[in-house]
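If you read the protein sequences in the order shown, they are chains G and L. Per the numbering used here, residue 1 is the first one in the first sequence, and the count goes up by one each step. Per the numbering used here, residue 1001 is the first one in the second sequence, and the count goes up by one each step.
In case anyone wonders, no lab produced these hints; they're calculated from the structure. Because the structure is a prediction, the values reported are computed rather than measured. Idealized CB from N, CA, C, for every residue including glycine. All clues stand as given, with none of them false.
With a cut-off of at most 20 Å between alpha-carbon atoms, the simulated DMTMM-like pairs for lysine to aspartate or glutamate come out as follows:
no., chain 1, residue 1, chain 2, residue 2
1, L, LYS1208, L, ASP1198
2, G, LYS377, L, ASP1233
3, L, LYS1200, G, ASP233
4, L, LYS1377, G, ASP233
5, L, LYS1010, L, ASP1391
6, G, LYS268, L, GLU1217
Some residues of chain L that are not near chain G, with every Cβ distance over 12 Å (derived):
no., residue
7, ARG1110
8, ASP1150
9, THR1300
There are 2 protein chains.
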Amino acid sequence: MSHTTQINAKRLLERLETLAGRGALPGGGVSRMTLTPEDKSGRDLMRTWFEEAGLTVQVDAAGNMFGLTPGRESEPHVLTGSHLDTVATGGPYDGALGVVGGLEAVQSLRESGRDLPSPLGVAVFTNEEGVRFFPDMLGSLVFTGDLALDKALICLDADGIPLGRALADIGYDGSHTPGHVPVKAFMELHIEQGPILDAKGLSIGVVKGVQGIHWTEYTLSGATNHAGTTPMDMRRDALLGAAEAVVFARRLAGEIGNGQRATIGSLKVAPCLSNVVAEKVTLITDLRNADMGLLQQAQTMMEDEIAAICKRHGLESLAKELVLVDAVDFDPRIVGMVQEQADVLGLSSMPMISGAGHDAQIMAGKFPTGMIFVPSKDGVSHNVREHTEPDDLVAGTRVLAGVLAGLAGQ
Amino acid sequence: MSHTTQINAKRLLERLETLAGRGALPGGGVSRMTLTPEDKSGRDLMRTWFEEAGLTVQVDAAGNMFGLTPGRESEPHVLTGSHLDTVATGGPYDGALGVVGGLEAVQSLRESGRDLPSPLGVAVFTNEEGVRFFPDMLGSLVFTGDLALDKALICLDADGIPLGRALADIGYDGSHTPGHVPVKAFMELHIEQGPILDAKGLSIGVVKGVQGIHWTEYTLSGATNHAGTTPMDMRRDALLGAAEAVVFARRLAGEIGNGQRATIGSLKVAPCLSNVVAEKVTLITDLRNADMGLLQQAQTMMEDEIAAICKRHGLESLAKELVLVDAVDFDPRIVGMVQEQADVLGLSSMPMISGAGHDAQIMAGKFPTGMIFVPSKDGVSHNVREHTEPDDLVAGTRVLAGVLAGLAGQ
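Work the whole structure out from these sequences, hints included.
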């Protein structure tokens, strides 16, 4: 049924290496925070490669940049892409692989001379990381219309610089209206940023969807007491209650199963003195599941347990919802195409759920969308030690090219 | 056998109120940090009361001030006292009761005309709280010779001011050699600073000793991981391990019993982000028991459990001993005299162990020593809400006067 698409592995890997030089950190890793001179440098490089590949380059008013099949700008595109911005101390592939691999797939398809009914395009979205400007995935949110452009442009960074000025400062305040590129389907190739593929020794993650996320901040209040003079049974120890919540969160994940994640990584103690029973602890529960029903069940169990803990230890609890993001299911037809391409190419693979956020989950709200993962060594990402083997970078790009061909051929 | 001693309750309560005006905080409470102008003001007031009572005032080179039966300075004294310094936001009775109550007991005994074989004295020790200068109980440590005077004088406060200069600045760099007052026995009247007497509705704590203290800092190290992408069974979550240690500490106290205290009040998480599995947690265990054998048993159980937790969750642990203070047993004969006085006066009482540190525990290393506790409302101390009922202030002082008479009469 499918036929495979040749890509230029050497060009792919060389470009990834060249791009990693833009914002390279002295000891390794990459720092290309959004709309900084380093980001401009990466964007400029990408723009030249788009032009080398014969693509038409367009930039919209949110700074999203597109390399499009020339002369067919008004037709629905099979679009692929990701982002070029990184966290402060990032690696060479988070985002970059989706852009450079996307271009490689599109360029190879063009060079193959195959006649594809739909035009192709590569997207570079602005501020995916959300480190300099909030929210993350800002560019794709504006592209889909989920975030108004005027609101996006007045987002401020920590120095009070609005996004609009930062765009103008690097010359990426484009003239196109965000969302101007018609999209038939969207694909994103990305590193897993988790340890599963690496641990299992597999090349391709067939991404079925993105976990829903529920963050709640709980403040547990008891009483400060002297650690020496206060009998154990006369204490209202907020840290004891918080500790029981942390232990429960782990048990909860096991009980719910089905990929449920439950993390308490933020926990602050007051007054935090060795000889004073803690009066107040603020912690944040981070619950994730691709099944929103199970996620709600986990949330309810956590709330009930914290209420029970507080009752047991004479504590008061204040809960505040911080984040609730719905799970995303990718287009089942596209998920099937990714699986099929991996199989046709003889690549080892598994279906999986994304635990991190991506531009694709925003695009999925409007367009048929899919994602392809390749392994992250030891699951490390947002870190200068981020690494993916060259073979896997190539494998993911080959799968992407095949899926794009399939989508554009229909 | 015993006869009771009348004290002047009105004078006692008025003096406590007057003294609380020295360093009074606008909204209530007292701030009389050691060797500040407020401390000088309190000391000056006390000196005038010593003189009014006909006592000879002497100050030693560590700033410890004594009011002594005149003309008998070279004989072994029955000494009582405490400290006048407070924490930054303290109450009117922590330390002050032992000094003002001590003077009231001594003055009443002198006014009673009873002929006592031993001279009496009231001590004001420097820097008991240890808030401005380290260590706490500095004055009594120098008095007993456990801390060399020259070392004490070069202790620096947070502004780099040495204790010696701070003493000179307020005119309390006395000429006497620390330890110059011969001591036959030492008694300290103090508020409990814990909730036991108040909760039980009792007036007098017959203090048998002071808990030993063992502080250990543990640093648990795992791995930072993404809360969304990292499966639960591939985590090395330092906060989960720390939480299990907190839960265990409470269980440990119950298992050891016998007044065992086990507190983790200081716990710091890194990186402390809601969507990142904690890499490192530093916590301090505060274990206390009056029985050093049980305290050692508790310490060993805690160490073993933390080792087991780390093994279970793939963590590494680094332990650092911070403090190990031996328990103190007060003189059994004096403990018996306190109990007897409470009984003779018809005051409700119970034997107890001090959970906090006091000058008396330092004095106990060299001299026959005892302590008397009176209730702290809700166990609150080191706080502007610190309160003890007038009846209890009077009751404790009456017990003290009786015990001093007994000790001086032998």
